[in-house]
Amino acid sequence: MILFKNVTKTYGEEDSFAIENINFKIEDGEFVVLVGQSGAGKSTLMKLITGEQKPDKGEVFLGKTRVNDLRYGDMPTHRRSLGIIFQDFKLLPSKTAYENIAFAMEILGKDNLEISRKVPRFLNIVGMGAKANKFPSQMSGGERQRIAIARALINEPKVLLADECTGNLDVFNSWDIVNLLLKINEQLKTTIIFATHNKEVVNSINKRVISLDKGRIIRDSLDGKYII
Amino acid sequence: MDFFISNIVRSIKYGFQNFGRNIFLSIATTSIMVLTLFGLGFFMVINQISSDALKGIQNRVDISVYLKEGVEEAKINEFVDFVKGLEGVKETNLITKEMALDKFKETYKDEPAILQSLQVLDSNPLPITLTIKAKNSQFYQNINDSLLASEYKESVIQQTDYQKSTSKNIIDKLNNIIKVTRNVGISVIVVLATIAVLITYNTIRLTLYSYRQEIEIMRLVGANDLQIKGPFFVEGVLFGVFGTFISFLILFIVVLLISAPIASFIDGAQAPNTYLLSNAFLIIGIQLIVGIILGVGSSLIAINRYLKV
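Protein chains in written order, with my numbering: chain L, 137 to 364; chain F, 42 to 350.
Derived by calculation from the structure, the hints in this document are not laboratory data. Beta carbons: idealized from backbone N, C-alpha and C, even for Gly. There may be inaccurate statements among the hints.
Not the full set, but computed from the structure, chain L residues with beta-carbon under 7 Å of chain F [stated by the list, open to error]:
1. Ile220
2. Lys226
3. Leu228
4. Ala240
5. Ala266
I would like the entire structure built from these sequences, with the hints used as guidance.
Take a look at the structure:
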């Protein structure tokens, strides 16, 4: 469960709201689409969940954890309970596809045997079994994003945050990634928050849509329509 | 405990892996390290050679005090004790008339004309001489002044060679050389230190640029400080270790090339290659410590800058 209660975040000047008085609740296993133009507050909202940003007012909960209260030393543990996918993939350039995914397990202290069993399985889930030894620079954008998804999923998080993860991809690859996210949500029951600009995708998948404008929620609907 | 050990093992593995995979950055950083450490090693060798050479010259400089004819032995002993008590006197050596004559004969044994001239004289014309060596060349002027101002000037001392002979000139020159060497040494240290600071600063910037994204990603994936810093720490150690051995190798080649000319030019100094080889462990040790501090320091400063994500 993710809960935002009267959350406000400003950058710089006090009246420059990134988000203002946000309230919503996302249940476990939900697939929620965040829509809004650039600067609407989608990324800030994601960062408040990951703990990269702290709210000026209000409370953010991830399950029973009050994210506001987390200190610097608590962040690694908090972030390990999340899977995060970024628009620019954020893969480690000096590691292969296999090593990028394995790294997320290593930081949890998993042993090599478990890693060598699990990573190939997740590479196959995202359709990248044949590219395990390729470096990010040797892969296309769509392939990199698949590796990023596998890395986000490898520790089987309850929540997956996908921040404009199709933003750098062509139409074909975007659909591919969205279908993969839907499959993950359906089969693994992972809660997914998917921030996007892509109106066509939003209107087709028929999921809950939260629309943001200038830092405020202007619509929160189950009708699956992209309206801002 | 297992988690901690596996983190350390993985840090070492990734440190080596990063070093190999970021090979151009590794070469660039190691090259900078080699330059700095070579400068440090070369300065150590040069400093030792110049110090040896100065000591050698200093050891050959002394003041000779020629004593008057007929001074009683007791008075001479009293005078010697007085000299030994002067500030800065390191050692004295009393050369009797007989010893002086023997030395004279030995020196001119191949020149019979000179030796024959001695036989013309009835008695040994060579005076009793007291040679004085100072602890430091700067003391000679004071020692000489004290001798000439003492009660022994009239009763014992015939003359000193400090004013007349070349001793004063040599000592003055030596003092100047020491002064200049010290000033040049300080200047070289200041220049080297400045270069080292600039190089380290640029290494940090280079490291920052390269690691910025990686650190951010590791942080967002949930890595803790040890897991992030570990591989960079190992990489920093590798920069220092490789830098040390390459710079020592270059230093060895350079010193080998300059050894013969320097040994013949500076009399009294240890040949540079002899000094380098007999102090190899010390020089490598110092270079290694400085190299690892620079390597690890620059890596960790770079990482800390981006850890607060």
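> Where does the structure disagree with the numbered hints, that is, which hint numbers, in rising order?
Replying inline: 5
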